[in-house]
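> Each chain is listed here by its residues.
Number of protein chains: 2
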Amino acid sequence: MFKIPKHQVAGHQAIDGNLGPLVDDSGRFYKPLQDDERGTTELAFYQSFSSKLPHHIRGLFPVFYGTQLVEASDGSGLRPHLVLQDITSNHLNPSILDVKIGSRTWYPEASEDYIQKALEGDRLTTTVTLGFRISGLQIYGSKESRYWKPARKEVKSFSADDVRLVLRKFVSSNLEPEPDCCFASTIYGGCSGILEQLLELKAWFEDQTVYHFHSCSLLLLIDKESVLNGRTVPFVEVKLIDFAHTVEAEGVIDHNFLGGLCSFIKFVSEVLTDSKVSTTEASFN
Amino acid sequence: MFKIPKHQVAGHQAIDGNLGPLVDDSGRFYKPLQDDERGTTELAFYQSFSSKLPHHIRGLFPVFYGTQLVEASDGSGLRPHLVLQDITSNHLNPSILDVKIGSRTWYPEASEDYIQKALEGDRLTTTVTLGFRISGLQIYGSKESRYWKPARKEVKSFSADDVRLVLRKFVSSNLEPEPDCCFASTIYGGCSGILEQLLELKAWFEDQTVYHFHSCSLLLLIDKESVLNGRTVPFVEVKLIDFAHTVEAEGVIDHNFLGGLCSFIKFVSEVLTDSKVSTTEASFN
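As they're listed, the protein sequences go chains A and B. Numbering of the first sequence is given in the numbering used here, commencing with residue 1 and proceeding in unit increments. Numbering of the second sequence is given in the numbering used here, commencing with residue 1 and proceeding in unit increments.
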């Protein structure tokens, strides 16, 4: 009944006898509850978030079905798991980006050891410079080439230009030699496109003083084949995930997340603008 | 001809034979050029900024009149100074806030020594938690009480609640026991008020990829007597100052400044909202 997720791009994975998330056939995602403070924090978040968020923002979080004792993937026996919506379940060939938002993944309440390690990671990746980093990705190319899924080490060393290229490939029908960005206006643009959803999230972050999300990711999932086939729903999913370091906001907005989100929005909107310029140029030739 | 500024609230001061800025009677402010990289960076910024900023944003920076050799305040002889607009010159009893914007005053290009010192300062103040810190202030009380100007040590140890109180006192006719916020709607609100100017700045920061401003301050200057006397211009000044650590943006927005600015905007707008609520409550009593 439980299987290893086919489309996981970041985080611990349930392979080679390790502890990691599982999925079932009914569209549910089972995330092992960490047995330290991180588990407590993430569970508390999922138990309380739906009553604390406005309706139009709630859809940007995975559905939470409670917890369940599940046979852990590392063979250690029964262990409590968070039962969440499996965002990938309706998609045959999803392209996925996991983007960790914020120019700082540490927070004052964390241990000094955690802070130093997180800070080091932030400085070695684009977190400090761009206000976000890509933590993992897979981009569907074609029936023949299947997925482009660079190794974690490669993803960690992404530069700003690598990030720009990833964001172009994500909405292109080809990955080589020069991504055509032919899905940019549908996937990034439009009233239910990614940019519009990010702007809604941004408007909420400008005001919300409920949570500070540290080391939290934006998961972007698209289905290029749905777009090609004219199937409309859902060809884009935007979800926030990973709340093991989400703390109370104490009356202050999450300026760290907001700043990084605005930076990411700028990157996405540049791909959209550039693709419009090329389309216009092409139509004149 | 040159005098020590009467209304300086932060930064090096030209007192007791130290090196610091000077002013003259014609409304100019002379800032000694630091002889290391900081001086070069700040001069380069002032020499180039006006051609790189949109017209409506330029007014949020002090006017730059060039450089001039001036007898340094520490008696070390002639030294090049930046000649800038003296923002305080038209004001008899200005209340001033110097707010260092950003949850991080260090930047990847700085020396490791600078980074460690800046990070320590950021963690000890509200910089990390609020995304900004008050670096200095003076608030005019009355002819009798004159200014409330807490010592630097006290300012450095401000909590979030201290910041909230300062922002209320800043727009009140009384400082004790409970600030009345009676100028909030005029000074923070309105179409030429502080909030409107901050929102213009924010809109620019959401898009600009010209500069990253590290350790840069928002200087807010108001003149409560002008408001009381019905004199309208200028009773509010909003200026960005201190560009010794301003670097090129390399195609990325200044998410660090933007996040901190949004946090500060939220603090200001809460004072405005609360003051409206109290006014409404008062009118019902």
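To be clear, the hints were calculated from the coordinates, so they are not data collected in a lab. Check the hints yourself; a few may be wrong.
Repeated chains share a single entry, so a pair holds when one copy, or any two copies, can fit it.
Unchecked claim - Quick list of in silico lysine-lysine cross-link-like pairs, DSS-like style, CA-CA up to 25 Å:
# : residue 1 : residue 2
1 : 202       : 266
2 : 169       : 6
3 : 52        : 3
4 : 156       : 3
> My question is about residue 52 and residue 3: at a cut-off of 25 Å on alpha-carbon distance, are they close within one copy, between copies, both, or neither?
For residue 52 and residue 3, neither the intra-copy (32 Å) nor the inter-copy (56 Å) Cα distance is at most 25 Å.
> Is the C-alpha distance from residue 202 to residue 266 at most 25 Å within one copy, between copies, in both cases, or in neither?
both (12 Å within a copy, 14 Å between copies)
> Are the CA atoms of residue 156 and residue 3 at most 25 Å apart within a copy, between copies, both, or neither?
neither (27 Å within a copy, 54 Å between copies)
> Can you give me the call for residue 169 and residue 6, within, between, both or neither, at a CA distance of at most 25 Å?
within (21 Å within a copy, 58 Å between copies)
The structure fails hints 3 and 4 (numbered hints given earlier, in ascending order).
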